[in-house]
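Asks: These are the residues of each chain, in order.
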Amino acid sequence: MNIASENTDDFIKNAVKIASLEKPGDEFIPSLMSKIENLNTANSKLSVASPIISWKGWVTIGSIIIIIFVLLLLFDSSTLSFSFFQQYIDRIVIQPVTIPVSGTFLMGVSAFVFFFIIQIFLSVNRLNERENV
Amino acid sequence: MGSFDENILIEKALKGDVQSFELIVRNYHMMVYTLAYRVLKSKEEAEELAQDVFMKVYSSLHKFSRKSKLSTWIYRITYNTSINKFKSQKRNIDTIEIDNSIEYNISYSPNAHHDVSVEEKRKIINDSILKLSETERIIITLYYYEELPVKEIAEIVGISSQNVKVKLYRSRQKLMVELKDKIGQEKIDYYEYS
Numbered sequence: 000m001n002i003a004s005e006n007t008d009d010f011i012k013n014a015v016k017i018a019s020l021e022k023p024g025d026e027f028i029p030s031l032m033s034k035i036e037n038l039n040t041a042n043s044k045l046s047v048a049s050p051i052i053s054w055k056g057w058v059t060i061g062s063i064i065i066i067i068f069v070l071l072l073l074f075d076s077s078t079l080s081f082s083f084f085q086q087y088i089d090r091i092v093i094q095p096v097t098i099p100v101s102g103t104f105l106m107g108v109s110a111f112v113f114f115f116i117i118q119i120f121l122s123v124n125r126l127n128e129r130e131n132v
Numbered sequence: 000m001g002s003f004d005e006n007i008l009i010e011k012a013l014k015g016d017v018q019s020f021e022l023i024v025r026n027y028h029m030m031v032y033t034l035a036y037r038v039l040k041s042k043e044e045a046e047e048l049a050q051d052v053f054m055k056v057y058s059s060l061h062k063f064s065r066k067s068k069l070s071t072w073i074y075r076i077t078y079n080t081s082i083n084k085f086k087s088q089k090r091n092i093d094t095i096e097i098d099n100s101i102e103y104n105i106s107y108s109p110n111a112h113h114d115v116s117v118e119e120k121r122k123i124i125n126d127s128i129l130k131l132s133e134t135e136r137i138i139i140t141l142y143y144y145e146e147l148p149v150k151e152i153a154e155i156v157g158i159s160s161q162n163v164k165v166k167l168y169r170s171r172q173k174l175m176v177e178l179k180d181k182i183g184q185e186k187i188d189y190y191e192y193s
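Protein chains in written order, with numbering that gives the first Met the number 0: chain A, 0 to 132; chain B, 0 to 193.
Because the hints were derived from the structure by calculation, they are not lab data.
Where hints are given, some of them may not hold.
Claimed, not checked - Straight-line Cα separation of at most 25 Å, SDA-like style, residue types lysine to any residue; simulated pairs:
(1) Lys12(A) with Ser132(B)
(2) Lys42(B) with Pro29(A)
(3) Lys179(B) with Asn13(A)
Said to hold, decoys possible - Footprint (simulated), chain B over chain A, 3 or more residues, beta carbon under 8 Å:
(4) 13-22
(5) 28-42
As the list claims (entries may be wrong) - A few chain A residues that don't get close to chain B, going by computed Cβ distances all over 10 Å:
(6) Thr7
(7) Pro50
(8) Phe68
(9) Leu105
(10) Ile116
(11) Ile117
C-beta: ideal position from N, C-alpha, C; glycine also.
Make a model of the complete structure from these sequences and hints.
Replies: Next comes the structure, spelled out in structure tokens:
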């Protein structure tokens, strides 16, 4: 770099330093940080979102189904005693209308009621959580 | 701010610590805003764009590989975002507004530059910088104000180091001619700008 170009370089450097940096408005940082906070909150809400039935719930439900299935497979239906359900049903069945109910059907109805109640319980919990966020 | 401190701030910001990110913003906001302003030539648009840049930086901080400096990465995002916005607006590089402001403030009599006040001088220089092409404005600012090496500037603007040198030489000549007429070399050489 010769003397002339060194002078030019110094001249321009001084000029650009004098020009200095532009300054944004006073509200620039507070406004930006508020946007960042909002973004953070939105992201955290997204990360909280989880399925209604958790993996533990599915494991429990799966286990119950497998146990029932295995029980039905392993034991002959004639050896299974549904006396408790039968007695219960007998109480609620209005005479003289009697409906023949098989054990398998009773098991199915029981399982349906059981899972229906669980679903209500989980859904209510879920809605409460959403309201609290 | 050292790279070690910055790495700590980045780690904290990645974990959702907004205060750490605010420190990063405070460190770079003026340069980001200046670069945006020097491309867009509008304070309102530059402010909006600078905010968008920091939002982008925050959202994609996890993608920052740390192969380059944080400043290089932030300035590259600023440059690309500004240029994209500039191109979408299809603005004219030399606006009539700038010419008028210089004509209005400075008389062309031989002794005019002796009476130029500091603020006027700042305005003349800024207006002269804005007369360069948008990439030249960025290169000049990063090279002479931020004192970044040519290689780093090349990385920011996405051209070769050789190309940066050529643009630097041309913009230096243009600015020299422009400013010599308006201010006078001896005045600016001894001016204390600190």
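Asks: Checking each numbered hint in turn, tell me which of them this model violates, lowest number first.
Replies: 6
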